[in-house]
Structures are given as C-alpha cells and as structure tokens.
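Engineer: Protein chains in written order, with my numbering: chain A, 1 to 368; chain B, 1 to 368.
Hints should not be assumed to be uniformly reliable.
It does not matter which identical chain is used: a pair holds within one copy or between any two.
The calculated EDC-like cross-link candidates involving lysine to aspartate or glutamate, where the alpha carbons are at most 20 Å apart (straight line), are [claimed, not checked]:
(1) K337 <-> D232
(2) K88 <-> E362
(3) K114 <-> E5
(4) K310 <-> D85
(5) K76 <-> D214
(6) K215 <-> E5
(7) K166 <-> E139
(8) K166 <-> E152
(9) K166 <-> E243
(10) K88 <-> E13
(11) K88 <-> E312
Read the hints as simulated data drawn from the structure, not as lab findings.
Number of protein chains: 2
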Amino acid sequence: MPTDEYGAPSRFEAHVKRRRSDVLVNRQNFSDWSMSPLQSQLGTITPNGLIFERHHNGIPDINPDEHRLAIHGMVKQPLLFTMSDLMKYPSVTKFHFMECSGNGLTDWLKPASKTVQQTHGLLSCAQWTGVPVSVLLEEAGVSPDAAWALAEGGDGAAHARSIPMKKLLEDALLVYASNGEMLRPENGYPLRLFIPGWEGNVSVKWLRRIKLGDKPWHLRSETARYTDPMPDGKWRQFSFEMEAKSVITSPSGNMKVRPGDLVIQGFAWSGNGHIKTVDVTTDGGRTWREARLEGPVMDKCLTRFRLPWKWEGAPATIASRAVDSTGYVQPTVDDIKKVRAITGFVQHHNAIFPWSIDASGEVKNAIG
Amino acid sequence: MPTDEYGAPSRFEAHVKRRRSDVLVNRQNFSDWSMSPLQSQLGTITPNGLIFERHHNGIPDINPDEHRLAIHGMVKQPLLFTMSDLMKYPSVTKFHFMECSGNGLTDWLKPASKTVQQTHGLLSCAQWTGVPVSVLLEEAGVSPDAAWALAEGGDGAAHARSIPMKKLLEDALLVYASNGEMLRPENGYPLRLFIPGWEGNVSVKWLRRIKLGDKPWHLRSETARYTDPMPDGKWRQFSFEMEAKSVITSPSGNMKVRPGDLVIQGFAWSGNGHIKTVDVTTDGGRTWREARLEGPVMDKCLTRFRLPWKWEGAPATIASRAVDSTGYVQPTVDDIKKVRAITGFVQHHNAIFPWSIDASGEVKNAIG
Numbered sequence: 001m002p003t004d005e006y007g008a009p010s011r012f013e014a015h016v017k018r019r020r021s022d023v024l025v026n027r028q029n030f031s032d033w034s035m036s037p038l039q040s041q042l043g044t045i046t047p048n049g050l051i052f053e054r055h056h057n058g059i060p061d062i063n064p065d066e067h068r069l070a071i072h073g074m075v076k077q078p079l080l081f082t083m084s085d086l087m088k089y090p091s092v093t094k095f096h097f098m099e100c101s102g103n104g105l106t107d108w109l110k111p112a113s114k115t116v117q118q119t120h121g122l123l124s125c126a127q128w129t130g131v132p133v134s135v136l137l138e139e140a141g142v143s144p145d146a147a148w149a150l151a152e153g154g155d156g157a158a159h160a161r162s163i164p165m166k167k168l169l170e171d172a173l174l175v176y177a178s179n180g181e182m183l184r185p186e187n188g189y190p191l192r193l194f195i196p197g198w199e200g201n202v203s204v205k206w207l208r209r210i211k212l213g214d215k216p217w218h219l220r221s222e223t224a225r226y227t228d229p230m231p232d233g234k235w236r237q238f239s240f241e242m243e244a245k246s247v248i249t250s251p252s253g254n255m256k257v258r259p260g261d262l263v264i265q266g267f268a269w270s271g272n273g274h275i276k277t278v279d280v281t282t283d284g285g286r287t288w289r290e291a292r293l294e295g296p297v298m299d300k301c302l303t304r305f306r307l308p309w310k311w312e313g314a315p316a317t318i319a320s321r322a323v324d325s326t327g328y329v330q331p332t333v334d335d336i337k338k339v340r341a342i343t344g345f346v347q348h349h350n351a352i353f354p355w356s357i358d359a360s361g362e363v364k365n366a367i368g
Numbered sequence: 001m002p003t004d005e006y007g008a009p010s011r012f013e014a015h016v017k018r019r020r021s022d023v024l025v026n027r028q029n030f031s032d033w034s035m036s037p038l039q040s041q042l043g044t045i046t047p048n049g050l051i052f053e054r055h056h057n058g059i060p061d062i063n064p065d066e067h068r069l070a071i072h073g074m075v076k077q078p079l080l081f082t083m084s085d086l087m088k089y090p091s092v093t094k095f096h097f098m099e100c101s102g103n104g105l106t107d108w109l110k111p112a113s114k115t116v117q118q119t120h121g122l123l124s125c126a127q128w129t130g131v132p133v134s135v136l137l138e139e140a141g142v143s144p145d146a147a148w149a150l151a152e153g154g155d156g157a158a159h160a161r162s163i164p165m166k167k168l169l170e171d172a173l174l175v176y177a178s179n180g181e182m183l184r185p186e187n188g189y190p191l192r193l194f195i196p197g198w199e200g201n202v203s204v205k206w207l208r209r210i211k212l213g214d215k216p217w218h219l220r221s222e223t224a225r226y227t228d229p230m231p232d233g234k235w236r237q238f239s240f241e242m243e244a245k246s247v248i249t250s251p252s253g254n255m256k257v258r259p260g261d262l263v264i265q266g267f268a269w270s271g272n273g274h275i276k277t278v279d280v281t282t283d284g285g286r287t288w289r290e291a292r293l294e295g296p297v298m299d300k301c302l303t304r305f306r307l308p309w310k311w312e313g314a315p316a317t318i319a320s321r322a323v324d325s326t327g328y329v330q331p332t333v334d335d336i337k338k339v340r341a342i343t344g345f346v347q348h349h350n351a352i353f354p355w356s357i358d359a360s361g362e363v364k365n366a367i368g
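Produce the complete structure using the sequences and hints provided.
Structural biologist: Have a look at this one:
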C-alpha cells in the first residue's frame with residue numbers, strides 16, 4: 001500500500017470535521033461559514049483542513065500565476081506584484097489565532113447551539129507566513145496624508161474593508177501560507193491580508209488591492225454589516241479588536257461525563273496581548289480557581305488551560321474567565337449588556353460561557 | 001459549492017507532495033519511505049499530509065478503541081493504558097523536528113539524488129502533543145536497577161528499540177497528535193514514542209509496550225541496522241543524537257535561477273540544542289557570511305535562515321553551515337571521514353551540502 005503523496009487522517013478520525021451552522025441554516029451556500037471542531041483540537045494549532053471559514057459569495061479558484069496585488073492611491077509610486085514577487089521578500093512567521101467577529105452570535109441570551117464547535121467554532125490558530133505590509137508600503141512610499149487603507153479581495157462579493165494605516169504599518173501581514181503550506185482556497189489562496197488580533201473579516205482573503213486614502217470608505221462590510229448596536233440607538237463602527245475570551249472545550253455541550261476525576265480544558269486568547277491568567281468556576285460563578293496555562297504562552301494566540309476537577313455527581317455549572325496582559329477581564333453577558341445593545345445576532349460575543357452538567361452527567365449549553 | 005468538511009490544498013498546489021526515493025527504488029512497498037517536499041515548505045511547520053515517513057513492514061490500521069499501551073518489566077506495578085486513559089493526563093505541546101538517521105544516505109561521496117526533497121526530505125517539523133513518559137513511569141514505579149527500556153510498535157515488523165532510561169525520563173513523550181489533530185496512520189496513529197532530537201526510528205510508532213530492563217536488548221534495528229561503520233572495522237551502536245545540520249532549500253537541485261537579486265534560504269536544526277548561527281558560502285567554502293535566522297529559534301526545532309545574494313551569472317557553489325548552542329559546528333564530508341567509515345549507504349549524514357549553479361543558472365547537487 002503506497003503511502004499517499006498527500007496524506008489524510010485515519011479513517012477512525014472521520015468524525016473530526018468542520019461543520020456548517022445547525023442554528024442559522026443557509027438554504028444556499030454562496031454565503032456561508034463552517035466551524036472548526038474545537039472539541040477535538042489537540043495542542044493549539046488548527047490543522048489546515050479544519051481551519052474555519054466564512055465566505056460572502058463563493059470561494060474563488062485563483063491561479064497563483066495570474067494573481068496580482070496592486071498597491072495604489074495615496075502613494076508615491078503605485079506598485080503591482082505577482083505572487084513570485086511577493087515570495088522573494090523576507091518572510092515572517094507568526095503563530096496567531098483568527099476569529100470571526102460573529103463567533104457565537106446565535107448564543108447570547110439563551111442557548112441555541114449545542115456543541116462548542118457551534119458556539120465557538122469560528123476560531124482557529126495557525127502558523128502564518130508572509131510579508132509585513134509595511135515593507136511593501138515603504139517601497140510604494142506612503143503619502144503623509146494617508147490615514148486609511150482599503151483592502152479588497154477577488155471573491156464574488158469583492159469583500160473589502162477600510163483599515164487604519166497605523167495598524168497596517170504595525171503588524172499587518174500579507175500572508176500566503178498557513179502551517180507550512182500555501183493557504184487553502186477557502187482561507188484566501190493564494191494571498192490574504194492578516195491583521196493579528198482583529199476581527200476575521202478585516203483579514204481580507206484573495207487580496208487583490210490595497211488603496212491608501214485619507215478617510216475610511218464606509219463599505220458595506222463596515223456599515224450594513226460588522227457594526228454593533230449601542231444603547232443610544234446608534235451603531236458602533238470599526239470595532240476591530242477581538243477582546244480577551246476563553247471557553248471550556250472539555251467537557252462541553254453534548255458530551256457526557258461520569259463522576260470522578262475530570263480535567264477541565266479549554267482555550268483562551270486575546271487580540272490585545274497574551275493571556276495572563278484563566279480562572280475556572282465549577283459552581284456557576286460563585287467561586288473561581290486559577291487554571292494552569294500550557295506554555296509557550298504567545299501573543300495574540302490560542303493558549304490552552306487546564307484544571308483537574310473531581311466531580312462528585314451533583315449538578316454543576318462550569319465556565320472559564322480569561323485575563324489578558326492589559327489587565328482586561330473577560331466579561332459576562334450582563335457586563336456587556338451595560339455598554340452595548342444585545343438585540344439579536346450581535347457581533348463580538350466574548351462573554352464568559354457556561355456549560356451545565358446535570359445529575360446524569362449530560363453537558364449542555366447554559367448561556368443566558 | 002459547500003466547503004469540504006475536511007479541506008484540501010488548492011488544485012494549483014498539486015505538485016507539492018511527498019515522494020518516494022528516486023535512487024533506492026523499492027519494487028515493493030512494505031518497507032519503504034517518502035520524503036517531505038522541503039523546497040516548498042513555508043514557515044517551519046510541515047503540514048500533516050506531508051510529514052515524511054518510513055515503514056519497515058506496512059502501515060497498520062489501528063482502531064484507537066482497541067489499542068493498548070503496556071508498561072512492564074522492571075517496574076513496581078505493570079500498567080495497561082487505553083487511549084482514553086492516556087488522553088486524561090496533562091498534555092504537553094512541543095515544536096520539534098523529526099529526522100530519519102538515514103536522511104541523505106544515498107548522497108555522501110557523489111551526487112545520486114537531484115532535489116533537496118530527495119537529499120534531505122526524511123525531515124519534518126511539527127507541533128507534537130502528548131504525555132511525558134516520565135509521568136507514566138512514575139506511576140508504574142521504576143525499579144532502581146532499570147537502566148534501559150524496550151519500546152515496541154504494533155506494525156508488521158514489531159519494530160523495537162532499546163532506549164536509555166535517562167533520556168526516557170528527561171524529555172521523551174508519548175505523542176498522539178501532530179499540528180492539532182491525531183497522528184496520521186503513517187506517522188504512528190494512534191500513539192508513538194517521541195524522543196526529541198534523536199534519530200527517527202527510536203520514536204517508535206504504533207507504540208504498544210515499554211518494558212524496563214537493566215541492559216539493552218540488541219534488537220535488529222540496533223545491530224543489523226542503524227549502526228555506523230567505523231575506521232577500525234567495528235560498528236558504532238546507539239548513535240542516537242541527530243547532530244546539528246543545515247541545508248539550503250532555495251535555490252536547490254533542479255531549480256533554475258537568473259542573474260540578479262536572489263535570496264538563499266534553508267533550514268537548520270540540532271538534536272542537541274538550538275541553532276546559534278548559520279553561515280552561508282557562495283564560493284564553494286572559501287568564505288562564509290552569517291545568515292539571518294527567522295525567529296523564534298526553538299530547541300530541537302527547524303530554524304529558517306536567509307541570506308540575500310546578488311548572483312552575477314558566473315558559476316558558483318553554495319552551501320550552509322550550522323553552529324548549535326553547544327558550539328558544535330556542522331562538519332564537511334571530509335571531516336566526518338576522519339572519524340567514521342563512509343563506505344556506502346551510511347547513516348547520520350549531517351555534512352555541509354553544496355549545490356552548484358552553472359552559467360545557465362541550473363542548480364545541481366554538488367556533494368563529494
């Protein structure tokens with residue numbers, strides 16, 4: 001039996017797969033998303049075949065030899081790059097999480113999803129390789145008046161976002177590889193923007209141009225979509241950062257546990273730094289104990305936490321709470337309600353997320 | 001078009017695949033190996049589908065629910081573990097290279113292989129997740145007389161090695177995952193031993209038992225195989241460590257370059273620590289310049305190096321030379337010949353490896 005030229009998982013791992021939403025079931029697939037099986041993720045890296053994805057109008061089939069990246073607008077010298085050009089530049093390689101701002105939006109006020117794949121699966125982590133955007137912008141020569149950049153992708157929707165220059169120059173990357181090989185088509189092959197720690201959709205996939213300007217363009221994906229309702233009736237725009245968050249992946253929804261020695265495990269991450277601590281409650285938030293973090297703890301990256309727990313068999317509610325290096329503490333839904341309007345399918349759901357365990361050991365979504 | 005539940009690379013990446021040997025062509029496949037496409041590896045991680053493999057007698061199809069690990073011999077209490085048992089222990093996650101001691105054995109004294117995939121492809125790097133062997137040995141209770149362990153796999157060959165207790169207790173792992181998901185069948189699913197920095201075959205795949213004893217067992221794979229001929233006519237046994245090594249992956253064999261600004265890139269690694277420096281020569285070893293290392297530089301892990309080079313068009317010979325944190329300097333074939341007998345297909349080929357570039361820009365294997 002020849003070994004496959006490109007290997008596949010064991011047939012006994014067929015249950016480990018991406019899933020579309022059980023709650024927001026799309027009758028078409030041009031605009032859709034699929035979630036990573038976080039409950040099965042070992043270590044901190046998401047294998048390439050399981051990285052989550054969201055597409056607004058299909059997944060383009062791009063020939064890398066024909067793909068071009070244009071840098072234009074408020075620059076001294078507009079530039080056009082082939083993939084071959086881009087891959088000549090010194091690359092950098094970083095481990096970072098990537099998360100959709102809509103992760104969990106079905107599950108704010110009452111349980112809708114059953115599993116952690118459904119509640120938190122628009123989240124992955126990988127080794128990203130690419131060229132710092134700053135290197136290319138320096139070459140093009142940024143006009144002193146340039147304050148914003150329009151990043152546009154070559155998908156059917158020409159998905160585009162306005163991005164502040166400051167972040168672009170700071171640590172934004174033009175990424176072409178994840179975990180050692182070229183990006184997967186659904187994740188942006190052959191090129192995407194990658195903005196560490198910011199909401200997934202600003203990391204524009206199938207990137208074809210960056211245009212510099214002096215003000216934002218107020219595109220569809222930052223007005224009609226990806227904005228947040230506020231208590232005063234207005235909508236918050238440009239809520240870029242993915243604030244500190246954590247979730248218990250085991251035990252989690254749809255699992256069943258038996259009394260005895262358990263290990264509570266999960267992931268924590270922050271778009272604003274690294275994870276400092278993760279606390280875990282097993283009594284619905286009355287008391288908290290500090291969990292152990294698995295090193296190395298990296299900046300804007302998934303961190304695994306672990307807490308051994310002896311479950312005696314009585315009903316319990318478990319949850320985790322992350323604190324990041326800025327001192328920010330992961331809030332509850334009630335905390336968030338004080339400052340934002342939680343009125344349905346709202347973005348940026350980074351609230352503490354409880355699972356209930358009943359006397360028979362069944363674990364269920366206990367949000368709201 | 002629904003997104004695959006387990007994604008695959010773009011069709012434009014079909015050329016990126018594992019390959020069997022072009023030089024030692026096996027007419028059967030029960031004992032065989034396939035090499036990672038290092039020339040295409042971006043970042044430092046090898047994607048799971050491209051991790052190299054070597055098997056001595058087929059690849060077993062193991063049901064993880066039926067798999068057992070026995071720890072017995074010179075222990076207070078013999079133990080038997082299921083996979084479920086093992087995965088309850090606190091896991092550790094480490095980035096490490098893995099290399100076959102036979103990597104490059106066809107190419108000592110004259111060129112036989114054409115590409116870097118063929119000369120160096122029995123080498124990969126991944127995020128490995130598992131349980132420290134020491135945790136389980138502590139539970140079994142190691143007898144004070146135990147000095148060696150026999151590690152045996154459940155493949156057709158029952159491949160087994162004798163391993164010194166000291167290393168086993170130091171940093172050996174019982175690994176079940178690579179890059180976030182369970183091991184691939186050809187890499188040992190569901191469980192392997194992993195000995196950081198040591199030759200690949202001691203990281204016994206499809207691990208089924210560890211037996212403790214007071215002396216080595218002198219098994220086939222450490223007598224008839226995996227020993228090294230010495231100048232005095234004897235054979236060196238238990239040459240475990242993969243000493244510091246490096247190779248230029250671009251430009252490399254079978255590539256073609258044009259005069260102008262090139263970037264010499266490659267990998268360096270050491271089984272005895274981390275990489276301290278990598279020097280590169282473009283004049284066949286007369287002069288050397290220090291290359292830039294891409295961080296983070298990790299212990300017993302692939303490190304990428306890079307050196308910009310303006311090629312004027314004249315024939316040239318390029319090579320890299322690694323220095324690790326112990327001060328060990330990667331030797332030449334001539335250096336190695338002084339202390340070992342290089343008499344054919346000999347293991348542990350960590351010599352400096354030159355590529356020649358002719359006036360037309362064709363890159364060729366220039367060893368020996």
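Engineer: Each of the hints needs a verdict: does it hold here or not?
Structural biologist: Outcome of the hint check:
| no. | hint | result |
| --- | --- | --- |
| 1 | K337 <-> D232 | within (12 Å within a copy, 79 Å between copies) |
| 2 | K88 <-> E362 | between (54 Å within a copy, 19 Å between copies) |
| 3 | K114 <-> E5 | between (37 Å within a copy, 19 Å between copies) |
| 4 | K310 <-> D85 | between (57 Å within a copy, 16 Å between copies) |
| 5 | K76 <-> D214 | within (14 Å within a copy, 73 Å between copies) |
| 6 | K215 <-> E5 | neither (49 Å within a copy, 40 Å between copies) |
| 7 | K166 <-> E139 | within (17 Å within a copy, 54 Å between copies) |
| 8 | K166 <-> E152 | within (18 Å within a copy, 56 Å between copies) |
| 9 | K166 <-> E243 | within (19 Å within a copy, 44 Å between copies) |
| 10 | K88 <-> E13 | between (38 Å within a copy, 18 Å between copies) |
| 11 | K88 <-> E312 | between (59 Å within a copy, 18 Å between copies) |
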